[in-house]
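Residue numbers (the numbering used here), protein chains in the order written: chain A, 1 to 306; chain B, 1 to 244.
In case anyone wonders, no lab produced these hints; they're calculated from the structure. Check each hint, because a few of them may be wrong.
Here are the simulated BS3-like cross-link-like pairs (lysine-lysine), alpha carbons at most 27 Å apart as the crow flies [said to hold, decoys possible]: (1) K201/B with K231/B; (2) K65/B with K77/B; (3) K128/B with K3/A; (4) K128/B with K180/B; (5) K113/A with K77/B; (6) K225/B with K20/B.
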Amino acid sequence: MGKLEKASVGFLILLGLLPILLELLGEGIPKGYILRILSSALMLSSLALAQNVLLGYTGYPAFGSVAFFGIGGYTSAILSKNFEVPLWFSISLGGVMASVVAFLIAPVLMRLKSHYFAIATLALQLALGEMVANLEFTGGTDGINLPIYRGFMEDYIFYFLFLSLAVFSFGVNLYVDRSVFGYALKAIREDEVAAESTGVNTVLFKSYSFSIMAFITGLCGGIYAFWITYIDPVSMFDPLLSVKLFVALLLGGVGTVAGPLWGAFGLELVSEIVWSEFTQIHGVVLGLLIVLAVLFLPRGLAGVRR
Amino acid sequence: MSILEVRDIHKSFGGNRVLKGVSFSVKEGEIVGIVGPNGSGKTTLMNIINGVIRQDKGSILLMGKDISSLRPSGRAKLGMGRTFQITRLFSNLTVLENVLIPLHYGSPLPATEETAIEIIEAVGLSHKIRDRAGSLSLAQRKRLELARAIALKPKVLLLDEVFAGLNPVSIREIVELLLKLNREKGITLILVEHVLKALFKLTRRVLVLSEGRLIFEGSPEGMVKDPEVIKAYLGERYLKDESA
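Taking the hints into account, I'd like the entire structure generated from these sequences.
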C-alpha cells in the first residue's frame, strides 16, 4: 500500500474511535455538530469513491450518478414507510434496487462515451426526479416523512453507517486497483476495442462497474433518507450533489484509491468554512476553488507527490 | 481443413459500399497477405473478421464454426488474436500488465507473471517490462501489440500493417519473429500490408483487394505481373523500379 493509502486507513480507524473520545469529553463539546460535518464528509467520500470505480478505473463519467442516490433513498423510504421493513434491511434493498436498475440499463447507456454518457446519465437523474415528483406512491412533490430513529446507539448510528459505507467503498476501490477484476476495467478505460480484442467482454464489465457504482450510491441514498428523515424529489435528485461529488473526486485525484476520500474531506472542510465566512458568495468561492484545482492540481491532491 | 473461412462478406457505411462480396479461406499454418490501395476495404475486412465491426451479409467461420454472432472477446477466446494499424495499447498500464490482461481474460495459458515475462522476452521487450506502455517507441509499441496477441495463444493472428513506420532493422526482426511463430507454434498469419518486400519474405499467397472486391489471388510473383493488380494498386512505376 502506498503512503497515502496507509494514511487513509489510519484516518478511517481514527474516525471509528472518535465517538469514544466524544463520550469521554462529555457535554462541553458540540458533539452533534462534529458528527454532522463528519457524516456529510463520509457521505461525500462514499459517493466520490463510488464514482471513482466508474470514472477513475473504467473511464466513464456518470455525471448523473445521483439518480441512484435517489433510487436507493426512495426505495428504502417506501419499503420502511409502507411495509415496515426494518432500517438495515430497507437500506440494503435500496442499494440492491439501484444496482439492479444500473445493471439493466448499462448495456444501452454505456454505448455512449465521455460527454455523451455524462449527459445521458444526467438526463436519467433529472427524468427520475420528475417522475418521482409526479407519482402517487412516492409522495409526489410533498416527499416522504420518515420517523426519527430511536434505539440502539441513536446518537452515533448514522455516523457509523456512513463510516462503514466509506470503509466499504474504500475497500472496493482498493480491490479494483489491485485485482484481476480491476484489470478488465482499466483495459476498458485505456482502450475499449483493444480490451475486447484481448478477451475482455466489455459490455459485461462495464455493467459490473456501473452497478457497483450504483450499489454504493444507492446505499448512500438510503442512509441519507433515514438520517435527514425527510426526502423529496428536489433533495434526492439534486444536480448540485452531482457537482459536489465530482469536485471532491477531481480535487482528490481521479483513479487513485485514497484521492476521493481526501478530496471529499477537504471539500467538506473548505465549504463549511466558506459557508460560515462568506455566506453570500459561497458559490463563487467554491467555483473559484474548482478552477484553481483544475489549473494547479490537474491530477488532484493524490497526484501532487507524483 | 481451412482454419478460417470468409464467406461472401458485404459491408456498407451509409451509401458507401466498402466490401462487395469478399470470400476466401485460409488453411491451418498458412501465411496469407492481403494488399490493395488505400480505401479498398482491407482494414474493414480485418475488423469484420475480428468482430469489431459487424458485416451486413455473409459469415465468418473459425475452424468450421460460424463465429459471426460472437463479440471480439468471444473470438479472442477461441484463438483469434490481432494487432491494429494504429497501435491500441493500454497506455497507462505497464508492459507487463498489457500482456497479463489477455492472459487473464482470453487465454488458455496460465495467467502468471512468468508466462507474461516469457512472451515479453520473445518479442524482445524484456528491458521494458515495468515501463508504461505509453512511453514506448513506435517499434516497441508494435512489438508489445504482438506480445499481447501472442498471449491469447492464438490459432489465427491478424496483423494490420505491422511493418508500417518501422525501419529496415525492426522490419527484419519482426519478419523473423513472425516466421518463428508460424513454424514453431503453428500460428496461422493473415497480414494486411503495404510493405511488399517484407510481405513477400513471409508469404506464398497474396490476395489483392480493390474497391471492395478480390481482384487477385495467388503467388507474389503472379501478383506483380497481373495487369489488373498493376492498374489498381502497384502502378506502372512499380515494374520499372523493380527491374531497375
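Quick rundown of the hints versus the structure:
1. Proposed proximity of K201/B and K231/B is supported: the alpha carbons are some 23 Å apart, at most 27 Å.
2. In summary, the hint linking K65/B to K77/B is supported, as the alpha carbons are separated by about 13 Å, within the 27 Å threshold.
3. The suggested pairing of K128/B with K3/A holds, with an alpha-carbon distance near 26 Å, which does not exceed 27 Å.
4. Distance hint between K128/B and K180/B is fulfilled; the C-alpha atoms sit about 22 Å from each other, no more than 27 Å.
5. The straight-line distance between the Cα atoms of K113/A and K77/B is roughly 26 Å, inside the 27 Å bound, and the hint therefore holds.
6. A hinted pair counts as satisfied when its Cα atoms are at most 27 Å apart, and K225/B with K20/B qualifies at roughly 25 Å.
No hint from the list above goes unmet by this structure.
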